[in-house]
Amino acid sequence: DVKVTQSSRYLVKRTGEKVFLECVQDMDHENMFWYRQDPGLGLRLIYFSYDVKMKEKGDIPEGYSVSREKKERFSLILESASTNQTSMYLCASTRRPDRSYEQYFGPGTRLTVT
Amino acid sequence: DAKTTQPPSMDCAEGRAANLPCNHSTISGNEYVYWYRQIHSQGPQYIIHGLKNNETNEMASLIITEDRKSSTLILPHATLRDTAVYYCIVRVAHSGGYQKVTFGIGTKLQVIP
Chain L
1 DVKVTQSSRY LVKRTGEKVF LECVQDMDHE NMFWYRQDPG LGLRLIYFSY
51 DVKMKEKGDI PEGYSVSREK KERFSLILES ASTNQTSMYL CASTRRPDRS
101 YEQYFGPGTR LTVT
Chain S
1 DAKTTQPPSM DCAEGRAANL PCNHSTISGN EYVYWYRQIH SQGPQYIIHG
51 LKNNETNEMA SLIITEDRKS STLILPHATL RDTAVYYCIV RVAHSGGYQK
101 VTFGIGTKLQ VIP
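Residue numbers (this note's numbering), protein chains in the order written: chain L, 1 to 114; chain S, 1 to 113.
No lab work stands behind these hints: they were computed from the structure. Keep in mind it's a predicted model, so treat the numbers as computed, not measured. There could be a bad hint or two in this list.
[To be verified] Example chain L residues on the side facing chain S (calculated, C-beta under 7 Å, incomplete): (1) P39; (2) G40; (3) L41; (4) G42; (5) L45; (6) L78; (7) S80; (8) Y101; (9) E102; (10) F105; (11) P107.
For every residue, glycine included, the Cβ atom is placed at its ideal position computed from N, Cα and C.
In isolation and in its complexed conformation, chain L is listed as follows:
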């Protein structure tokens, strides 16, 4: 079974803090994604990576950055957390080039910024 793990299920941070969210997958997938999910807004893509050290902006990259130093690990960084970044953050992975829509998600990190 594909396993995607995220470093925390719940996280509370203060405004202005730098926040690191970690994601690890164990299926040697090339593609990895970071989404956020908010009520009424559905899933929104923040960043994705199709290879080590490669990254592409998604639909809402502002206020975020990412790092992919190893194939299995994709990190999302909130440079200076703000209250509007309170959300559920979801990591996903998939193979490339086919099956790109067959994505495997982690359990999610519910981040609260106060």
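With chain L's structure known, arrange chain S on it following the hints.
Relative to the frame of chain L, chain S by itself:
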């Protein structure tokens, strides 16, 4: 992408088959039908996908009509853990690039003891 229509909610008795319908009357020839689900407070879970033939895996079966305008996801023996929102999505499978997952409203399935 073709639009999909699903009932907003359904109930199913535990142990019975849950049949979740999806209409996608504008589907194109190269578009696949995908199903995901999301249990409350968890990440989405990929279930199954198909093009025109019926598909079965360890989680579910997918029945696609011959004209491909509708499909049904079948959970053969629903358990309480199958209570979730189920999303039917129609997308091209091999676009050559990345594809972000997007969900519509979905069907909230409640499995009743």
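- Item | Ascending list of hint numbers which this structure does not respect | 1, 2, 3, 6, 7
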